[in-house]
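Participant: Residues per chain are reported as follows:
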Amino acid sequence: MPSNDLRDRVEPLEETLAPPAPVPVKRRASRRPGVWLLVALGLLLLLASTIVLPQLRLVGEAFTDDGGFSFANFIEFFTTPRFQEAILNSLVVAVVAGVLACAVAVPAAYVLAQFDLPGRNGFLTLATMATVSPPFLGAYAWVLLLGRGGILTTQLRAWGIELPFDTIIGPGGIVWVTVWATQALVFLLAYDAFRAIDPSLDEASSSVGAGPWRTRLRIVLPMAVPALVTGFYMSSMKIFTDFGTPLIIGGGTPMLPTAVYYEFLSEVSTNPAIASAGSLVMLGVACIALALQQWALRRRTYASVSSRRRPLQPVRGVKKGLMIAYLGVVFGFSFVPHLVVVGTSLLTWKAGILKWVPTFDNYVRLFDENLEVILMSLLLAGIACVLCVIVAVLVAYLTVRRRYTVISPALNVITMVPYIIPGTVLAIGLILAFGSGPLILTGTATILVLAYFIRRIPYVTKSIEAALTQVHPALEEAAMSVGAKPMRAFRQITVPLVRPAIVSGGTVGFLQMVTELSATVMLYSVPFITMTVVIFTNAMQPASPFGVASAMTVVLMLAVYIPLYFVRRKFASVTSV
Amino acid sequence: MKHGRKFAAVGIAAVSASLVLSGCSAIVGGQPSGGDDSAESGTVVVYAAHGPEVTDPIIAAFEKAYPDISVSLTASPGTGELISRVESEMKNPLGDVAWGGSSENYAAASADAFAAVELENDAATVVTDPEHKWHATDALFQAIAVNTERVTDASSYPESFEDLADPKWREAGQIAFANPRSSGTSYSLLAAMVTAHDWDFLDGFLPNAKVVDGSSQMFDGVRTGEYALGFINEDLGATWVAEGAPLELIYPSDVVSNQIGVAAVIEGAKHPKAAETFVNYLMSKEAQQLMVDEVGRRSARTDVAPPAGLPAADELKLAAPDPAVFATDKDAVLTRFDEKLASAK
Chain A
24 MPSNDLRDRV EPLEETLAPP APVPVKRRAS RRPGVWLLVA LGLLLLLAST IVLPQLRLVG
84 EAFTDDGGFS FANFIEFFTT PRFQEAILNS LVVAVVAGVL ACAVAVPAAY VLAQFDLPGR
144 NGFLTLATMA TVSPPFLGAY AWVLLLGRGG ILTTQLRAWG IELPFDTIIG PGGIVWVTVW
204 ATQALVFLLA YDAFRAIDPS LDEASSSVGA GPWRTRLRIV LPMAVPALVT GFYMSSMKIF
264 TDFGTPLIIG GGTPMLPTAV YYEFLSEVST NPAIASAGSL VMLGVACIAL ALQQWALRRR
324 TYASVSSRRR PLQPVRGVKK GLMIAYLGVV FGFSFVPHLV VVGTSLLTWK AGILKWVPTF
384 DNYVRLFDEN LEVILMSLLL AGIACVLCVI VAVLVAYLTV RRRYTVISPA LNVITMVPYI
444 IPGTVLAIGL ILAFGSGPLI LTGTATILVL AYFIRRIPYV TKSIEAALTQ VHPALEEAAM
504 SVGAKPMRAF RQITVPLVRP AIVSGGTVGF LQMVTELSAT VMLYSVPFIT MTVVIFTNAM
564 QPASPFGVAS AMTVVLMLAV YIPLYFVRRK FASVTSV
Chain B
4 MKHGRKFAAV GIAAVSASLV LSGCSAIVGG QPSGGDDSAE SGTVVVYAAH GPEVTDPIIA
64 AFEKAYPDIS VSLTASPGTG ELISRVESEM KNPLGDVAWG GSSENYAAAS ADAFAAVELE
124 NDAATVVTDP EHKWHATDAL FQAIAVNTER VTDASSYPES FEDLADPKWR EAGQIAFANP
184 RSSGTSYSLL AAMVTAHDWD FLDGFLPNAK VVDGSSQMFD GVRTGEYALG FINEDLGATW
244 VAEGAPLELI YPSDVVSNQI GVAAVIEGAK HPKAAETFVN YLMSKEAQQL MVDEVGRRSA
304 RTDVAPPAGL PAADELKLAA PDPAVFATDK DAVLTRFDEK LASAK
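In order, the protein sequence lines correspond to chains A and B. Take 24 as the starting number for the first sequence in the numbering used here and just add one per residue. Take 4 as the starting number for the second sequence in the numbering used here and just add one per residue.
Bear in mind the hints are in silico, worked out from the structure with no lab data behind them. No residue lacks a Cβ here, since even glycine has one placed at the ideal position from N, Cα and C. Keep in mind that a hint or two might mislead.
[Claimed, not checked] Derived coverage of chain B by chain A (criterion: at least 3 residues anywhere in the stretch with Cβ under 8 Å from a Cβ of chain A; other residues may be distant):
#	region
1	70-83
2	94-100
3	180-192
4	207-221
[Claimed, not checked] Away from chain A, derived, C-beta distances all over 10 Å, residues of chain B:
#	residue
5	48
6	63
7	87
8	122
9	171
10	246
11	270
12	276
13	306
14	310
15	328
16	343
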């Protein structure tokens, strides 16, 4: 296992300052507000004007009927059968997918954290890579393989093998795609948690006579609960807000994001008031889920201050083989969309139909016209990512450490708002807010940077917040007690301590920005064309040249994985989100 | 101290980079704005709801015919998104031309979204907008598509909408039907079938149907055999048949749904003259012949023959749903559809 130089540097310091046993995190407000209060107010102003203001129309529409304030839209939303069905389906799918993602990922994370298995770093790299899947082609890839007329389905049928289902299309398909697309997030969170458990705890457990399974269930698993809660929350929320996956693989299953999307943007008939009410209902559900997650964490969070690295247990023979096989299967499934995309980028497509004729034409066509879009994507996402990390660190610090009464909760909620607003709707809000008036941003690159910043601020903030709760406040207080000003204590003590989370949160944020599609297609204008726009325009109609879209996706994957590899090498623990 | 400085430095770099980008965008992205009112030069910003298979050949021919006008193409996911983008930019329009979607979509858009202009080639098209906002660029008919691997007995193929209400399709595989809430194509199909028959026709049809989201899922679903039958735009269906897809296209004998594909000049366009030139070109005989030859889609002009293999329009019983019912009160139509769908389950 390569040395994790950051932790080596950080842990001795922690050891000297913190109490020796895991301690529940206590959060207290500093008695010296000053600079931080100004920072908080500044952030509030910034986020209110970029996130809340553009979306105010949404709130206004939701509560307006016949020109006056009314709950009529909400009543209609909750009493219309197709929305009732959509709410129910979305909740069930979210919970089932979240549970299954945990069920798949946690054993994998445990064996890799506990046992000395070959290729550990490879699996960790794969997991980080798997957190980025090809934009919207993921569900498409599974349909291509396992739809009723899919490549695998047809082949297996020809060999006389009957699958237990006719087609992957349907609610089961939504769950299936989501599980494999999100398990890596849970895996990374759980892996970090398992690695952080103080080895003296299981030693103590076995010294009083507990068997290995009892120790796992009573000691190890409970310690990983915060990671599980967060992982479950993230994967279930991902499908709860995802529009593309249900559209492609749902086979018409009514789901909340698709229903709301069409109320906003259908070509036939739209009802923005109902759509706004629906968005607010989704926001409400997300807030409740967030509150539950935080409540579960509050009761369970421990800031571990152990200086001992958890030893890896040796394992041999069949057991070792089974463990590696399990990891292989889990990550194999997660990479099916990637492999399908690579495969289809090397095959001929005619009018949207796949032909089994190998070709490089897709790449030739791609590089003929679309090379500069790679740089454009990386540049836009890079700028947005740096801004995002800076704001996220400040917001996380203010919500975890400086719990100002109204301001901190307000910041916390505002940063979560973009989580739930469909990208397209967010984009329309931005066009209305910045398309006229004092500050015109439409048609510039800035509006794309702003959209990326807004869309990913929830993720990055959450990841840094999680890391911050694990750092004992005593460290910073000690610095201040010897005379450091609050800002200096923050810069020199707190920021370096959460630097792994900054790097990993920032990396994943960056990857998600590069792959952002739904807001981009509403906001982009020539020449600010991104890779996702090229993918999308070559896959938007049933007769489109999908091969070019696949080739661009492969290039996009390379463009994000290569930097990811170097970041991982520099900061060995680019893991949890 | 080191970390703090680095942190601040990166922040400043990022902020200034984004300021530079936004500043530059006026130079890089703004293109020759203003002073571009002559018809034959400058840029035209085209928002399209068509894929490259439609836009590429026609734009290439346009740029050849008008070498001084360059086309800046921005693709939208669909007609709904395209019109939403135009509407939300109304205070400061960035696009010049909207291209793609049906005349119904454009007629239902906000009154100030599109400019009323009379163009020379309007007169040559099969239908013109009395308000001169949309301009016909193509005609789309829908056929019943049968997946011949799912339905092997050719004598059992449906010949009309009426045949699709036959209970035998409930077992033989479902009929893909996009939700008319999300698909304009399906809305036309719905209007055609309840006009040719009546609303009670749905009591027989919907139990056989599998309602999916979006036209693409309907087209793809029947091609891949996910569903045994469905409906398809004739140009796409014919292209797929030519590529060897196991499909049989049947024009229903009772009624054939159809739309007029259109383009429009955006109200307040920065390059209005170039926009008019472009839209007028889309209706020209040259562009319409490309639409027929390269895309395989029917021309909107009276003097351009349909693509080889597609029947002449006068051989078909074209639907003409009452606009007073189907254009003005779509909500009522869709609510009625929802009720029929709920009772069919």
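Participant: If a hint holds in the structure, say so; if it doesn't, say that too.
Facilitator: Consistency of the hints with the structure:
no. : hint    : verdict
1   : 70-83   : holds (count 9)
2   : 94-100  : holds (count 3)
3   : 180-192 : holds (count 7)
4   : 207-221 : holds (count 7)
5   : 48      : 7 Å, violated
6   : 63      : 12 Å, holds
7   : 87      : 5 Å, violated
8   : 122     : 24 Å, holds
9   : 171     : 19 Å, holds
10  : 246     : 5 Å, violated
11  : 270     : 14 Å, holds
12  : 276     : 19 Å, holds
13  : 306     : 26 Å, holds
14  : 310     : 14 Å, holds
15  : 328     : 14 Å, holds
16  : 343     : 13 Å, holds
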